[in-house]
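**Q** Now for the letters of each chain:
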Amino acid sequence: MRSVIDIVDLSVEEINGLLSTAKDIIKHPKKYSKKCKGKKIATLFFEPSTRTRLSFEAAMIELGGSAIGFSSPSSSSASKGESISDTAKVVSKYADIIAMRHYHEGAPLVASLNGDIPVINAGDGGHCHPTQTLADLLTISREKGSIDNLTVGFCGDLKYGRTVHSLIGALARYKNVKIVLISPKELAIPSYVKEDVLDKYNMEYIETANLEEALPTLDVLYMTRIQAERFTDKAEYERLKDSYVLTREKLNKAKEDTIVLHPLPRVNEISVDVDDDKRACYFEQVENGKFMRMALILMLLDIAKKDKSKYKIDDSKIVYNKFKCKNPVCICQTEQELKGMAKDCDGVWRCVYCDKNL
Amino acid sequence: MRSVIDIVDLSVEEINGLLSTAKDIIKHPKKYSKKCKGKKIATLFFEPSTRTRLSFEAAMIELGGSAIGFSSPSSSSASKGESISDTAKVVSKYADIIAMRHYHEGAPLVASLNGDIPVINAGDGGHCHPTQTLADLLTISREKGSIDNLTVGFCGDLKYGRTVHSLIGALARYKNVKIVLISPKELAIPSYVKEDVLDKYNMEYIETANLEEALPTLDVLYMTRIQAERFTDKAEYERLKDSYVLTREKLNKAKEDTIVLHPLPRVNEISVDVDDDKRACYFEQVENGKFMRMALILMLLDIAKKDKSKYKIDDSKIVYNKFKCKNPVCICQTEQELKGMAKDCDGVWRCVYCDKNL
Amino acid sequence: MRSVIDIVDLSVEEINGLLSTAKDIIKHPKKYSKKCKGKKIATLFFEPSTRTRLSFEAAMIELGGSAIGFSSPSSSSASKGESISDTAKVVSKYADIIAMRHYHEGAPLVASLNGDIPVINAGDGGHCHPTQTLADLLTISREKGSIDNLTVGFCGDLKYGRTVHSLIGALARYKNVKIVLISPKELAIPSYVKEDVLDKYNMEYIETANLEEALPTLDVLYMTRIQAERFTDKAEYERLKDSYVLTREKLNKAKEDTIVLHPLPRVNEISVDVDDDKRACYFEQVENGKFMRMALILMLLDIAKKDKSKYKIDDSKIVYNKFKCKNPVCICQTEQELKGMAKDCDGVWRCVYCDKNL
Numbered sequence: 021m022r023s024v025i026d027i028v029d030l031s032v033e034e035i036n037g038l039l040s041t042a043k044d045i046i047k048h049p050k051k052y053s054k055k056c057k058g059k060k061i062a063t064l065f066f067e068p069s070t071r072t073r074l075s076f077e078a079a080m081i082e083l084g085g086s087a088i089g090f091s092s093p094s095s096s097s098a099s100k101g102e103s104i105s106d107t108a109k110v111v112s113k114y115a116d117i118i119a120m121r122h123y124h125e126g127a128p129l130v131a132s133l134n135g136d137i138p139v140i141n142a143g144d145g146g147h148c149h150p151t152q153t154l155a156d157l158l159t160i161s162r163e164k165g166s167i168d169n170l171t172v173g174f175c176g177d178l179k180y181g182r183t184v185h186s187l188i189g190a191l192a193r194y195k196n197v198k199i200v201l202i203s204p205k206e207l208a209i210p211s212y213v214k215e216d217v218l219d220k221y222n223m224e225y226i227e228t229a230n231l232e233e234a235l236p237t238l239d240v241l242y243m244t245r246i247q248a249e250r251f252t253d254k255a256e257y258e259r260l261k262d263s264y265v266l267t268r269e270k271l272n273k274a275k276e277d278t279i280v281l282h283p284l285p286r287v288n289e290i291s292v293d294v295d296d297d298k299r300a301c302y303f304e305q306v307e308n309g310k311f312m313r314m315a316l317i318l319m320l321l322d323i324a325k326k327d328k329s330k331y332k333i334d335d336s337k338i339v340y341n342k343f344k345c346k347n348p349v350c351i352c353q354t355e356q357e358l359k360g361m362a363k364d365c366d367g368v369w370r371c372v373y374c375d376k377n378l
Numbered sequence: 021m022r023s024v025i026d027i028v029d030l031s032v033e034e035i036n037g038l039l040s041t042a043k044d045i046i047k048h049p050k051k052y053s054k055k056c057k058g059k060k061i062a063t064l065f066f067e068p069s070t071r072t073r074l075s076f077e078a079a080m081i082e083l084g085g086s087a088i089g090f091s092s093p094s095s096s097s098a099s100k101g102e103s104i105s106d107t108a109k110v111v112s113k114y115a116d117i118i119a120m121r122h123y124h125e126g127a128p129l130v131a132s133l134n135g136d137i138p139v140i141n142a143g144d145g146g147h148c149h150p151t152q153t154l155a156d157l158l159t160i161s162r163e164k165g166s167i168d169n170l171t172v173g174f175c176g177d178l179k180y181g182r183t184v185h186s187l188i189g190a191l192a193r194y195k196n197v198k199i200v201l202i203s204p205k206e207l208a209i210p211s212y213v214k215e216d217v218l219d220k221y222n223m224e225y226i227e228t229a230n231l232e233e234a235l236p237t238l239d240v241l242y243m244t245r246i247q248a249e250r251f252t253d254k255a256e257y258e259r260l261k262d263s264y265v266l267t268r269e270k271l272n273k274a275k276e277d278t279i280v281l282h283p284l285p286r287v288n289e290i291s292v293d294v295d296d297d298k299r300a301c302y303f304e305q306v307e308n309g310k311f312m313r314m315a316l317i318l319m320l321l322d323i324a325k326k327d328k329s330k331y332k333i334d335d336s337k338i339v340y341n342k343f344k345c346k347n348p349v350c351i352c353q354t355e356q357e358l359k360g361m362a363k364d365c366d367g368v369w370r371c372v373y374c375d376k377n378l
Numbered sequence: 021m022r023s024v025i026d027i028v029d030l031s032v033e034e035i036n037g038l039l040s041t042a043k044d045i046i047k048h049p050k051k052y053s054k055k056c057k058g059k060k061i062a063t064l065f066f067e068p069s070t071r072t073r074l075s076f077e078a079a080m081i082e083l084g085g086s087a088i089g090f091s092s093p094s095s096s097s098a099s100k101g102e103s104i105s106d107t108a109k110v111v112s113k114y115a116d117i118i119a120m121r122h123y124h125e126g127a128p129l130v131a132s133l134n135g136d137i138p139v140i141n142a143g144d145g146g147h148c149h150p151t152q153t154l155a156d157l158l159t160i161s162r163e164k165g166s167i168d169n170l171t172v173g174f175c176g177d178l179k180y181g182r183t184v185h186s187l188i189g190a191l192a193r194y195k196n197v198k199i200v201l202i203s204p205k206e207l208a209i210p211s212y213v214k215e216d217v218l219d220k221y222n223m224e225y226i227e228t229a230n231l232e233e234a235l236p237t238l239d240v241l242y243m244t245r246i247q248a249e250r251f252t253d254k255a256e257y258e259r260l261k262d263s264y265v266l267t268r269e270k271l272n273k274a275k276e277d278t279i280v281l282h283p284l285p286r287v288n289e290i291s292v293d294v295d296d297d298k299r300a301c302y303f304e305q306v307e308n309g310k311f312m313r314m315a316l317i318l319m320l321l322d323i324a325k326k327d328k329s330k331y332k333i334d335d336s337k338i339v340y341n342k343f344k345c346k347n348p349v350c351i352c353q354t355e356q357e358l359k360g361m362a363k364d365c366d367g368v369w370r371c372v373y374c375d376k377n378l
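Line order of the protein sequences matches chains A, B and C.
So the number in the numbering used here is just where the residue sits in the first sequence, counting from 1, plus 20.
So the number in the numbering used here is just where the residue sits in the second sequence, counting from 1, plus 20.
So the number in the numbering used here is just where the residue sits in the third sequence, counting from 1, plus 20.
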């Protein structure tokens, strides 16, 4: 049994396999239209997310299967205090695979350790959202022909943006990818991303506060939203915000074949008049997300068919019940009788559920 | 690409075609049970409406397709501030056709102008609800044999009832339909409906406050609800309300073959003991709504198959960004970077989104 | 037309037939995978319940059919004041069978009396929840080989637990079933259950407050939750609560082949470390619920195919509009123009909707 909680749960070979499958689905959709006949995905969304939920449901339906589930916690048994573990065990009796979104970090891991079917993390708080990264990778691969040898700029909120951290982590495993980090100081990339990824994998990277200067150097521009509430100094926010809005005028400074990505939803960080520019690929990215979810569902159901053993994590480096996680949105704060799990990451203890330092 | 936002988007020939298709579906349901195999409808309901949503979903399922969507804005990305335009572009990647209900007037038009798939307006505020009118027309056609040469009474709230205005507009295009308008003065038909429809199409009509007197003259009685909150003078409401409730006793004054319609939900404007009378057709009307939605889905998907160009509106009479719409529930008040559109209607400028005078 | 509102609506022969069908479904799932092709279940959940709703939807999908519906009243037309009767009449036009959960006792009965399709009660307040009882019976039958000749213990809240009353009622119709009632005095079984079921059917039963003492005698242990709010004396609750929590240690006093059931969701009345014990059958019970719902859907659709007459109740003992039900959560308090119905139960008048004494 396999589950996908974090993008790093997938090897590069597996990711490349998913990219191949997705491209084959795009070319030959009919070949796949009955692959999951009789199968059901349970979309357990403890937090609303139309885009992601509909993407998983559309993916399963296009594979010939069905979807059941809920779209907000108020319409679920969570309001009666049911644990994630029990929910996963129960839903295992109804469905073949789970896509779970939860406001508690680590909830999908708890589900995967307790249920009898594969779990795909569809976003757990600020922690992980691996299928977004898969959508990003397919878009880059389709639009640029390859993921190697690219200069990829990330613009906006690089401090809190989990999609940014996750995509950088994935890109680290490809060849010769240069990273350009474009953000105000307040929202600069955290030092642990530099240490754990950029430095560790010897990635070439530069940091800048100037989008317009960086633009001409980029093959890929990954935009994210800057939220007012991230700033302590509101005047600073007002001064800065417009410089990180992508307009048609600014885009003219980019190369002809630069592609613009955005995890969506956007509010106004990309002007609507950019949408018709052929470099704008964020709606293609949405569709690519569906194709990668189809590929991932196929892969996980295929593994589950052959290996019915419960999902396990490598516990060689794990210590149980020794540390108490202090992350207020970690699932370990609320889940009934959950044993604490800490892992040794190069001398630092981290919570296995939420990856925060202990 | 075609979308249906307003009943007037459909020609009489198209409406008659839909009526024929619906009747054929009723006769030969199996013939249609796989017509939409592999197709998906997205039911995007920013405002709850069980009846209409389930009707669209049942329609698509009976055509062999599937439904995805949401039933209230709290479980959608709208709470994150996503624009209707982006939602439409995103959902175009997941589904083949959209049915949208929204509290903002004009929202389905914005969706149809931006998405890549047909949009059916499933009700936008007090503006339009064309598939209700299609349900009404099929019911009249099936029960009376024809839509021509009928006397149709409308009873209750004729001032705010969008279903009333819409059905009168549709009937104007048939032959020799007489209209009887039954309401208290406070809720009389607006003068623009008289000018734009009744007078313009030379329809014979009378206005009366007395349901019981009008009843014997009618072939069709279309009931609507009178809401207390529409009256400034509550004593007046108390005095009047019972005279617009249809009871079995009152119905006895109608002809043997009069039919009673109601867009539902009703509260108490039709007494429950009328339900068993053979003239009561409001539950047949519900089923006819499903059949007309099936016919409409088939028609729009068929057009979309042949013509993949974006949905456009005739802009020969449109002026951009000249007027500011003052309707507080018009979509132009909230949608990001939406250009204002005004159309010249016989010398009066109207907002293209909500049809209100500018 | 048949509906199932209360477990007693089913004869022992019918229950045994459902058990047989469910076991055949388990053995030969493919044989059933297209039985409901083209059929739709409407899951009308006026109160959230993920487990039950997903179970009905999974059941219909595994029979080859589809599901439509809603998961909370806020996303339904109930917020517009529509009656249950009208909702049932409307949904009859969209679906082939209804599963309804409602906070008003008797709502599914009102639906079944007014709609044109079979209704399954999926839980109406504290009144009935027959498919839970069917899940319980299949679990006992599969795990113990038979339902006859067993000693069945019920532990926890026996006063308010509708699943307990319902299962005892069902067991009364099998041979030589002994009942052990384990609860604090505050939550003892109501006297009407003793009179109407235990005494009436000459069932052997004992009452005790001690779970540990009772455990070694049981073939089946049915656990339920004790809620703090049931106690007037909070100190009493604190003193008692742990003695009704099933731990691995306590379970060691049970026989090797005792089975533990729970209607779920649990909070902490069964310790998580019991889950891996082979005697823990509450997750199997969940799956059995799905299989019994499949069997019940098949049975009701089969009857509806042959007999299209409206659902009726035996009204030989019913008196209309004579008594006024005082149960504040009875559907008769809110449903428009609903006639009161009282039935004579051995000299006591009871409301037909909620079964409460008048």
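To be clear, the hints were calculated from the coordinates, so they are not data collected in a lab.
Any given hint might turn out to be false.
Copies of the same chain look alike in the list, so a pair counts if it works inside one copy or between any two.
Stated by the list, open to error - Straight-line distance between alpha carbons at most 30 Å, and here's what the computed DSS-like set of lysine-lysine pairs gives:
| id | residue 1 | residue 2 |
| --- | --- | --- |
| 1 | Lys179 | Lys43 |
| 2 | Lys59 | Lys109 |
| 3 | Lys50 | Lys273 |
| 4 | Lys344 | Lys325 |
| 5 | Lys332 | Lys342 |
| 6 | Lys59 | Lys298 |
| 7 | Lys47 | Lys59 |
| 8 | Lys43 | Lys326 |
| 9 | Lys328 | Lys198 |
| 10 | Lys346 | Lys164 |
| 11 | Lys328 | Lys43 |
| 12 | Lys325 | Lys55 |
| 13 | Lys261 | Lys328 |
| 14 | Lys198 | Lys261 |
| 15 | Lys195 | Lys376 |
| 16 | Lys59 | Lys376 |
| 17 | Lys270 | Lys50 |
| 18 | Lys51 | Lys198 |
| 19 | Lys50 | Lys325 |
| 20 | Lys326 | Lys50 |
| 21 | Lys254 | Lys220 |
| 22 | Lys363 | Lys179 |
| 23 | Lys328 | Lys298 |
| 24 | Lys326 | Lys261 |
| 25 | Lys326 | Lys298 |
| 26 | Lys164 | Lys330 |
| 27 | Lys326 | Lys51 |
| 28 | Lys359 | Lys270 |
**Q** Okay, which hints does this one fail, numbers in order?
**A** When the structure is compared with the hints, numbers 1, 3, 4, 9, 10, 13, 16, 17, 18, 21, 24 turn out to be violated.
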